[in-house]
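A.B. asks: One-letter residues, chain by chain:
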Amino acid sequence: MTNPNNISLNISHALEFIDGHALNIPTLKILSEQGDILDGATKSELDKETALKIYSTMRFIRLLDERMQAAQRQGRISFYMQCLGEEAAITASAAALKQDDMIMAQYREQAALHYRGFTLEQFMNQLFSNEKDLGKGRQMPVHYGSNELHYLTISSPLGTQIPQATGYAYGQKLKHIDKESGELNSEIDNVTICYFGEGAASEGDFHAGLNMAAVHKAPVIFFARNNGYAISTPADEQFKGDGIAARGVGYGIKTIRVDGADTLAVYEATKKAREIAVTTGEPVLIESIAYRLGAHSTSDDPSGYRTKDEEAEFKNNCPVARFKAWLLKQNWLDEKEDEAIKDKIREEILAALKVAEKVQKPALEELVSDVYDTPIPALQKQYEELKEHIKQYPDAYPITAGRIK
Amino acid sequence: MAKMNMLHAINSALDISMAEHPQACIFGEDVGYFGGVFRATSGLQEKYGKHRVFNTPLTEQGILGFANGLAAFGAPALAEIQFADYIFPAFDQIVNESAKFRYRSGNEFNVGNLTIRTPYGGGIAGGLYHSQSPEAYFAHTPGLKLVVPRNPYQAKGLLRACIKDDNPVIFFEPKRLYRASVGEVPEEDYTIEIGKAEVVKEGSDITLLAWGAQMEIIEQAAVKAEEAGISCEIIDLRSILPWDAETLIKSVTKTGRLVVSHEAPITNGFGAEIAATIQKECFLHLESPIERVCGLDTPYPLALEKEYVPDALKVFEAIKKSVEF
Numbered sequence: 001m002t003n004p005n006n007i008s009l010n011i012s013h014a015l016e017f018i019d020g021h022a023l024n025i026p027t028l029k030i031l032s033e034q035g036d037i038l039d040g041a042t043k044s045e046l047d048k049e050t051a052l053k054i055y056s057t058m059r060f061i062r063l064l065d066e067r068m069q070a071a072q073r074q075g076r077i078s079f080y081m082q083c084l085g086e087e088a089a090i091t092a093s094a095a096a097l098k099q100d101d102m103i104m105a106q107y108r109e110q111a112a113l114h115y116r117g118f119t120l121e122q123f124m125n126q127l128f129s130n131e132k133d134l135g136k137g138r139q140m141p142v143h144y145g146s147n148e149l150h151y152l153t154i155s156s157p158l159g160t161q162i163p164q165a166t167g168y169a170y171g172q173k174l175k176h177i178d179k180e181s182g183e184l185n186s187e188i189d190n191v192t193i194c195y196f197g198e199g200a201a202s203e204g205d206f207h208a209g210l211n212m213a214a215v216h217k218a219p220v221i222f223f224a225r226n227n228g229y230a231i232s233t234p235a236d237e238q239f240k241g242d243g244i245a246a247r248g249v250g251y252g253i254k255t256i257r258v259d260g261a262d263t264l265a266v267y268e269a270t271k272k273a274r275e276i277a278v279t280t281g282e283p284v285l286i287e288s289i290a291y292r293l294g295a296h297s298t299s300d301d302p303s304g305y306r307t308k309d310e311e312a313e314f315k316n317n318c319p320v321a322r323f324k325a326w327l328l329k330q331n332w333l334d335e336k337e338d339e340a341i342k343d344k345i346r347e348e349i350l351a352a353l354k355v356a357e358k359v360q361k362p363a364l365e366e367l368v369s370d371v372y373d374t375p376i377p378a379l380q381k382q383y384e385e386l387k388e389h390i391k392q393y394p395d396a397y398p399i400t401a402g403r404i405k
Numbered sequence: 001m002a003k004m005n006m007l008h009a010i011n012s013a014l015d016i017s018m019a020e021h022p023q024a025c026i027f028g029e030d031v032g033y034f035g036g037v038f039r040a041t042s043g044l045q046e047k048y049g050k051h052r053v054f055n056t057p058l059t060e061q062g063i064l065g066f067a068n069g070l071a072a073f074g075a076p077a078l079a080e081i082q083f084a085d086y087i088f089p090a091f092d093q094i095v096n097e098s099a100k101f102r103y104r105s106g107n108e109f110n111v112g113n114l115t116i117r118t119p120y121g122g123g124i125a126g127g128l129y130h131s132q133s134p135e136a137y138f139a140h141t142p143g144l145k146l147v148v149p150r151n152p153y154q155a156k157g158l159l160r161a162c163i164k165d166d167n168p169v170i171f172f173e174p175k176r177l178y179r180a181s182v183g184e185v186p187e188e189d190y191t192i193e194i195g196k197a198e199v200v201k202e203g204s205d206i207t208l209l210a211w212g213a214q215m216e217i218i219e220q221a222a223v224k225a226e227e228a229g230i231s232c233e234i235i236d237l238r239s240i241l242p243w244d245a246e247t248l249i250k251s252v253t254k255t256g257r258l259v260v261s262h263e264a265p266i267t268n269g270f271g272a273e274i275a276a277t278i279q280k281e282c283f284l285h286l287e288s289p290i291e292r293v294c295g296l297d298t299p300y301p302l303a304l305e306k307e308y309v310p311d312a313l314k315v316f317e318a319i320k321k322s323v324e325f
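For the protein sequence lines, the chains are A and B, in the order given.
Heads up: the first sequence at position 393 corresponds to 393 in the UniProt record's numbering, and the numbers run straight through without jumps.
Heads up: the second sequence at position 21 corresponds to 21 in the UniProt record's numbering, and the numbers run straight through without jumps.
Source of the hints: derived by calculation from the structure; they are not laboratory data.
The C-beta atom is built at its ideal place from N, Cα and C for all residues, glycine as well.
Mixed in with the good hints, there may be bad ones.
[To be verified] Which stretches of chain B does chain A cover? Using the computed rule of at least three CB atoms under 8 Å from a CB of chain A, they are:
1. 39-52
2. 58-67
3. 80-93
4. 190-204
5. 255-263
6. 312-321
[Claimed, not checked] Using C-beta positions, here's what the derived DEER-type ranges look like:
7. 178(A) to 201(B): 49 to 57 Å
8. 36(A) to 46(B): 47 to 55 Å
9. 236(A) to 298(B): 40 to 48 Å
When you get a sec, could you build the whole thing from the sequences and use the hints?
C.D. replies: Here it is as structure tokens:
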């Protein structure tokens, strides 16, 4: 007899409840804080070239974050978000993917975008919402996106990308459908990775997205960045039980928890997750345990909700320093050269900032383009009226008045 | 031409669309083997397989989140929300995501491949939660298109246009007419342009405007009015966003009078937008105030539905009031 409940019943005669923490999912850790491979850990397959690319991405993002955080304080941009403390989790996971795998991020994953090749100039153009911004100056700073780099444009509402990632990954899988039989070929060539914080995992979209991915077998890697805080709300006020990983298991999804400050652990886990997704066409969940060293955003002040001692403890467990220690021990990195490169990047960032700041804002027509594929009649009419108004009072609209066609 | 009811016409439009693109998918609650509660997707799973026509878990936000992702990938996403009353859990995915995908990304990404089908409106003794007409909520959102057919011919042609349109579209299906409305429908493919109203009947004394299931009501009212010697021009708006102000302005300029009727509550209903526009564009041609015959500002009732709905008698009274002003 088939079981319509879709579970295999394991009958018991003991009245026993299962504890919410019973899973006690282990955390994969490969690299010690001093940069040594831990006893019992399998040696990482990370090659020199990839390792150095990961490191240079982390180093670049740290310097960019530092400078742009300061630029926001100076009033030069309206907003900023750093990925301080989560560089390893984000960069190493992105490095374990193929360049044309889809990335659907939350907002703190600029390192993944840079790893893909988003240039310093492109970052600056978005941050200053100038006419060269791919997003045409419509969104707040850090809402990056690039079709060419397979990085979906960031959306402010939290967690909305989670069920979207399921749909996108389902499309990637459906590309391999056999037209005759309607059956799917066993192996596919691309996956989608979906990043979100532990706070976003409280949204309905998280549950909808995971459940649909599990039921419909979408090759998506859910990457939960459990960094301890959702703005000012600590994780213990966000969820109970055995973390986000337990929820993955609950939805019937293959799940792993990793030390998010351990570049090698994240890289190996994501590489394996990708292999599972492409060979089975099914979703995987990775919960990365890290610490958000910086503020949530420039509108946040963590001194109000966490202690200096706590921050200091995690500063000593810096993911970039840990990975650097390993690279030095491999003789893949030279300390002196590293310092010289940092100085060079700092100069480049400052120069790019000054250039982007002076590029003019998007033209008036970008106000009404892209709402639809072509502007609808009502909007065309509104645009014509607006143009006439600006022509009448050009001094009041200096950014666009002189450029109206 | 074949005789079809509205469900057959919708099924035919979906069938053509599924054959057209190898990655097009139909999904929603119970739409698989069962064919949906109203059977609009009957037979399509057998034809296109379980990977392309499938039941989803009961999560409207999940259906639309998934649909946005699939459409962003480039596959036609034909999502069904079982009743328009249950579209609200998906509101964020539609209003903040579908509608803004293209704009917020500078056209780096879009979900033009998305079509949302959902049965709306009363007349099936469905009470509060199976009778709503939520079009006005979505009509306030730039980036969406909203389309409502009035009969099987319109349903097939407009749905095909929605699916081919390069913007996210919500297609509201008048469920009262699913089986009640039968007519000649070509079996082959055709489209009806979105954004163009149709002058269903020409007249000289007054313009009557509605869409979807309410078209039948204003047509009945027009018969009564004609008996009383009033010549009515009847217009089907067909699409609410974008809406064809031009055709309506032309008509009201000629007749000097307008009655707008919709099932949704009157306050902030789409009739208000129409009345405001016509008041501005036709001010010197108007012979009387624009009348709106709509639902009351209450949830849609069960037992007293007949009293609640903007029926033909109420529309007829509004016509008389306008003509006698």
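A.B. asks: Compare the structure with each hint and give your call.
C.D. replies: Here is what the structure says about each hint:
no.: 1; hint: 39-52; result: holds (count 5)
no.: 2; hint: 58-67; result: holds (count 7)
no.: 3; hint: 80-93; result: holds (count 3)
no.: 4; hint: 190-204; result: violated (count 1)
no.: 5; hint: 255-263; result: violated (count 0)
no.: 6; hint: 312-321; result: violated (count 0)
no.: 7; hint: 178(A) to 201(B): 49 to 57 Å; result: holds, 52 Å
no.: 8; hint: 36(A) to 46(B): 47 to 55 Å; result: violated, 60 Å
no.: 9; hint: 236(A) to 298(B): 40 to 48 Å; result: holds, 45 Å
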